[in-house]
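Assemble chain B onto chain A, guided by the hints.
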Amino acid sequence: MFTYVLYGLAGTGLAVSFFKDRNKTIMALKKAWKSFENILPQFLSILIIIGLALAILSPETITKLLGTNSGIWGVAAASVIGSITLIPGFIAFPLAAALLKNGAGYMQITAFVSTLMMVGIVTMPLEIKTFGKRATIIRNALAFVFSLVSAFVIGMVL
Amino acid sequence: MMKDFLKRYKVFLLLIIINAAIGFVMPEVGLKSVNITKQNLIEMISIIPPIFILLGLLDVWVDRATMMKYTGKGSGFKGVLIAFVLGSAAAGPLYAAFPVAGVMLKKGSSLFNVLIFIGAWSTTKIPMLTFEAANLGIAFTLTRLALSIIGIIIIAGITEKLLKTRTPKRVI
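Chains as they are written, first to last, in the working numbering: chain A, 1149 to 1306; chain B, 16 to 187.
Be aware that a few hints might be false.
What the hints assert, rightly or not - Capping the alpha-carbon separation at 16 Å, the derived lysine to aspartate or glutamate pairs in EDC-like fashion look like this: (1) B:K47 to A:E1208; (2) A:K1172 to B:D78; (3) B:K22 to A:E1185; (4) A:K1277 to A:E1208; (5) A:K1179 to B:D78; (6) A:K1281 to B:E175; (7) B:K121 to B:D78.
To be clear, the hints were calculated from the coordinates, so they are not data collected in a lab. As the structure is a computational prediction, the values presented were derived from the model and not from experiment.
Looking at chain A on its own, in the form it has when it is part of the complex:
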């Protein structure tokens, strides 16, 4: 649904832009393509790595690792899996809900969801392209620590 809103925005933006200045609009499209083509090699590589990672780390395997009584090791496993893999939300949240039903605690689930969203080992090459190595490593390391902290906080609150 939200995708349509984005398309609507982009479409309206293009139309207004075209109406105001044709050349600028063509330039905008050229820039859009150039930025996309710039990340395309990494983008395609990332997709294959995600495919491989998810084929090996199937939802069944993840459930086993984070399931009943996995405790602190479950949190560790959850944060490592979350950092490496890149599972789209529409798969990740139902998976997390299923994990909860199967006995995983809120702590493990938070570690998993939070690292999944904030830490991206696989996407680091792309991030480095924009922010440089140092900033990328710092941001990801901090996000990892933050994920652990919020896992413990949520584990205690809920």
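Below, chain B without anything else, positioned relative to chain A:
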């Protein structure tokens, strides 16, 4: 031309070979991986065009002075809020946010605000939040959201502090 292509796409080509090799040894895993990649590719391709078109329009129409005024160094709380709302209103995976962040940096947004934007894009995207609440409950989602907002600000602050000695590399 061909050589250039090979150089840029060598990792990608290598991964295809690896995937094929895995498929040869373990057909089940190989096939599953191809299927997941295909699914993801279709999903990404459907969401990426509008993001990059908006990025192009942003690059062409918003000049440096405007961007600096609203999200630059002296923009204060308003700048943080704008970065936060922009990131939260987004859709798509985090790595689609990096090129947008690149344009923002180039146009004079402060690093702190760009990091807030990245943080918001990663965890407080509105469509994702509704989906999270539907699956994991409102209490979980709201607690995590509250923590995330604090976390995003802390992460942006520390990252910026640690980088103060060096300016980040700017591409695009």
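Hints versus structure:
With a C-alpha separation of about 14 Å, the suggested pairing of K47 (chain B) with E1208 (chain A) holds against the 16 Å cut-off. Taking the CA atoms of K1172 (chain A) and D78 (chain B), the gap is about 13 Å. The hint holds against a cut of 16 Å. In summary, the hint linking K22 (chain B) to E1185 (chain A) is supported, as the alpha carbons are separated by about 14 Å, within the 16 Å threshold. Of the pairs offered as hints, the one joining K1277 (chain A) and E1208 (chain A) is violated, with about 35 Å between alpha carbons and a cut-off of 16 Å exceeded.
With a CA separation close to 15 Å, the supplied pair K1179 (chain A) and D78 (chain B) stays within the 16 Å bound. For a cut-off of 16 Å, the pair hint linking K1281 (chain A) to E175 (chain B) stands: about 14 Å separates their Cα positions. At most 16 Å may separate the alpha-carbon atoms for a hinted pair to count; K121 (chain B) and D78 (chain B) meet this at roughly 10 Å.
This entry does not satisfy hint 4, going by the numbered hints stated previously; all others are met.
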